[in-house]
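Asker: So the sequences go chain by chain: A and B. Going by the working numbering, 98 is the number at position 98 of the first sequence; the sequence numbering is gapless. Going by the working numbering, 1186 is the number at position 186 of the second sequence; the sequence numbering is gapless.
Calculated from the structure, these hints are not laboratory results. One or more hints might be untrue.
[Unchecked claim] No farther apart than 30 Å at their CA atoms in a straight line, the calculated lysine-lysine pairs in the DSSO-like style are these:
1. A:K91 with B:K1072
2. A:K219 with A:K233
3. B:K1101 with B:K1163
4. A:K59 with B:K1040
5. B:K1023 with B:K1083
6. B:K1193 with A:K133
7. A:K233 with B:K1197
8. B:K1023 with B:K1075
9. A:K276 with A:K243
10. B:K1040 with A:K101
11. A:K91 with B:K1075
12. B:K1101 with A:K168
13. A:K176 with A:K111
14. B:K1144 with A:K264
15. A:K283 with B:K1197
16. A:K137 with A:K207
17. A:K275 with A:K243
18. A:K176 with B:K1144
[As the list claims (entries may be wrong)] One side of the interface only, derived from the structure: several residues of chain B facing chain A at Cβ under 7 Å:
19. E1070
20. S1071
21. A1145
[Unchecked claim] These stretches of chain A come out as covered by chain B in the derived footprint (C-beta under 8 Å, 3 or more residues):
22. 72 to 83
23. 138 to 145
Quantities reported herein were computed from a predicted structural model and do not represent experimental measurements. Using N, Cα and C, we set each Cβ at its ideal position, and we do this for glycine too.
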Amino acid sequence: MRLKKVWKKRIIFVIILALIPLVIMLMVRFTPPPPTSEVEYARLILSQATSNDAAIYSKRLYSEAKALYDSAMVNWQKENNRFIYFRNYEKVVSFAELSAKKAEQATKVSKNNVTDLNILLKHKIDTLTSLVKQINKLFTSYPLSDEVRNRISKGEMLLRESEVAYKKGQFSQAKKKITDSEQLLTDSYKIASTNLKEYFNSFPVWKKWVDITIKESKKNQSYSIIIDKYSRKCIVYLGGIKKYEYHVELGKNWVGDKRVKGDKATPEGMYRITKKFGSNKTKYHKALLIDYPNETDKEEFKKEIARGTLPRSAKIGNLIEIHGDGGRGVDWTEGCVALTNSEMDIVYKIAAEGTPVTIVGSTVNLSQLLD
Amino acid sequence: MKNKILMGLAAVVMVAVLSSCGKKPQAEIDAANAAIEAAKTAEAAVYLPAEFAAVQDSLNAVMTDISAQESKLFKKFGPAKAKLTSIVTLANQVAANTVTKKEEVKGEVANLMTSIKAVIEENGKLIPKLPRGKEGAAVIEQIKADVATVDAAVVEAQGLFDKGSYMDALNKIKAANDKAVALNTEVKEALTKAKIKF
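The shape of chain B in the complex, shown without the other chains:
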């Protein structure tokens, strides 16, 4: 009887060993995927592309490891579980950093918007002071065309800003700001040359 029990136990142990020591860490996989999706929604791919790609790659590596374990007779998901947990932490960190970066870019665009509006306003006051004879002259025509282009660029940048496309808005407003400042310098030089106070 005793031997039969022993043999039965041995069989149970063997079956248990053969039918694997661990279960696929599905909950951890889902959590990692959710964390990465959250980082994606936060636009990590736009604001922190390298960091986001690194997290995605880490998940791919773990998934390879999990599949490899599933192919084995004796499965061991412990290390994969630990890695998935750290991926969740990393993805959350990337999402948080993305929010910070996005706020930084947003702030930069907002600052440039404020400063460009001040330059545009000053240009608006200075241009009518240009010498009378300049009416219809080629130089003032070009200045007017440039002012219109800067205005259009600011409107476009504002549209992108309102849509939340801060990175695109930043590129546009930077270029517009450079042009507005160059115009301001040009107009001031012309006024100085014509001995007109401003």
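The following block holds chain A by itself, in its conformation from the complex:
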């Protein structure tokens, strides 16, 4: 009887022992599966978006993805705090999946934006660098207002800053700088080129004068001198063919015609040499005096007085020469045309009293210059 009791107890014990793993297995079996793979996937995709700078180049989508990921984690925590068999991870999975989707989109958008920005910035930097070169070429010696000069200067500085940021891959900063630079430079260029265009309205007249001067040189097989103020050139023709070309320096207010004595402007018109001064007769090495003011200049001066655009006390200028002592690299004369002494020697030698000297704003039209 006692043995039977012992066996009974042993059997119960064995059954209990056998039941433990079964119960554990059943408990595990009915535990809701955690959303590990979904959240892990969302984290990986979000991490990819981060390394692709989506936080900068796809800000909205990245923020949404991040917020959704955080929501997934918070909800997961919330569910974990509940009794194990009451947990429901549907919301967590939904947030994680949405987060992954948004992060994926953010990466794609960011990559596209970076590629586009890279191309756009490179193009803009190249374009604006060319524009700066064009501005320097066209307007370095051209009188512009202080405001325009400051804008050009600031625009150029911002362009440099943009280039520095671009080279470091900081496209967002580079874009901001280049936008400001573009605004300043294009506006300044517009103002300056409008100003230049107005000056070049006289081009048809200049062209006529140049054509007549070259024709005369050809017809008489003689020397003629043409001064191109814009490109700072003294061109000597013989028999209608260009023989010499020298760089010149002018009066500092060289844009436009000479209007009045002391305005430091170089006149524009068709003139002739009236006198030659050797080295002992001028302080500028050698000089060729021209017949400024001619009849046209005098008439124009009178008209300006009559119109009141010049005061009655104004005096017309004179003593305009082609002379030496040039080569200073600046416009420094009172309105004369300065050559280097060695070049002046040549021009002095070929010139005679009566040699035509035609002074024009430009021998080339503006569209050619702008090209």
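The hints should help you fit chain B onto chain A, whose structure is shown.
Answerer: Quick look at chain B alone, frame taken from chain A:
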């Protein structure tokens, strides 16, 4: 009696097993978060963005693992604990590297500041030597405008430097330095052309 004790023990073991083998490593999580926050305060996101993002991502991965363990019947936080400890080390390393990098950038800005000031000073001495006739001429007007822009950029860069924004200051001072050097070359060329000694 003996059997009752055995059964009781079995029940205790079972309860212990079921109520998990480990506790959430909260202290280690807090330490990792604090280390990352310290790296953030040191501006790791500005000076070492990739490294900082990597540490943050590592923490996110561990937090996912911890949540996954918390969802399980049998919890195991050992590996997460080890990872959190290495995150603290990594974050501290990133913070230290950030300080070094920041000092490097700061030094670079300071050097550029010194060299640009020398160039500006030289420009200041050279510009008045430009030919007299150049007064009012377009070229000198542009040079003056450029000098003013460089001066303004240096002031702006100094402001950023004083504020501790060394990276922004570096970009600005680099551009200003390029311009100041270009101006210096331009002025020297003009003086050479005009045969003026400098």
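Asker: All hints, please: hold or fail.
Answerer: Going down the list of hints, with the structure as the test:
Distance check on the hinted pair: K91 (chain A) and K1072 (chain B) sit about 18 Å apart at the alpha-carbon level, within 30 Å; holds. With a CA separation close to 23 Å, the supplied pair K219 (chain A) and K233 (chain A) stays within the 30 Å bound. As the CA atoms of K1101 (chain B) and K1163 (chain B) are separated by approximately 17 Å, the hinted pair is consistent with the 30 Å bound. This hinted pair checks out: K59 (chain A) and K1040 (chain B) have alpha carbons roughly 20 Å apart, not beyond 30 Å.
With a C-alpha separation of about 15 Å, the suggested pairing of K1023 (chain B) with K1083 (chain B) holds against the 30 Å cut-off. The hinted pair formed by K1193 (chain B) and K133 (chain A) meets the criterion: a straight-line CA distance of about 21 Å does not exceed 30 Å. Of the pairs offered as hints, the one joining K233 (chain A) and K1197 (chain B) holds, with about 27 Å between alpha carbons and a cut-off of 30 Å not exceeded. With a C-alpha separation of about 8 Å, the suggested pairing of K1023 (chain B) with K1075 (chain B) holds against the 30 Å cut-off.
In summary, the hint linking K276 (chain A) to K243 (chain A) is supported, as the alpha carbons are separated by about 21 Å, within the 30 Å threshold. The suggested pairing of K1040 (chain B) with K101 (chain A) holds, with an alpha-carbon distance near 28 Å, which does not exceed 30 Å. Straight-line distance between C-alpha atoms of K91 (chain A) and K1075 (chain B) comes to about 22 Å, which keeps the hinted pair within the 30 Å bound. Proximity of K1101 (chain B) to K168 (chain A) is assessed by CA-CA distance (about 15 Å); at most 30 Å being required, the pair is judged to hold.
This hinted pair checks out: K176 (chain A) and K111 (chain A) have alpha carbons roughly 19 Å apart, not beyond 30 Å. Restraint check for K1144 (chain B) and K264 (chain A): the C-alpha separation of about 21 Å stays at or below 30 Å, so the hint holds. Taken as a hint, the K283 (chain A) and K1197 (chain B) pair is honoured in the structure, with Cα atoms around 23 Å apart against an allowance of 30 Å. Distance check on the hinted pair: K137 (chain A) and K207 (chain A) sit about 22 Å apart at the alpha-carbon level, within 30 Å; holds.
Note on K275 (chain A) and K243 (chain A): the hinted pairing holds, with a Cα-Cα distance of about 22 Å set against a maximum of 30 Å. Distance restraint check for K176 (chain A) and K1144 (chain B): the Cα-Cα separation of roughly 26 Å lies within the 30 Å cut-off, and the hinted pair is therefore satisfied. Hint on E1070 (chain B) holds. Least Cβ distance to chain A is approximately 4 Å, under the 7 Å limit. Taking 7 Å as the C-beta cut-off, the interface hint given for S1071 (chain B) holds, the closest approach to chain A being about 3 Å.
The interface hint given for A1145 (chain B) holds, since its Cβ lies 4 Å from the closest Cβ of chain A, which is under the 7 Å cut-off. Look at the stretch 72 to 83 of chain A against chain B: 5 of its residues bring a Cβ nearer than 8 Å to a Cβ of that chain, three or more, so the hint holds. Closer than 8 Å: that is the beta-carbon criterion, and the stretch 138 to 145 of chain A has 6 residues meeting it against chain B, so the requirement of 3 holds.
Every hint from the earlier list agrees with this structure, and none is contradicted.
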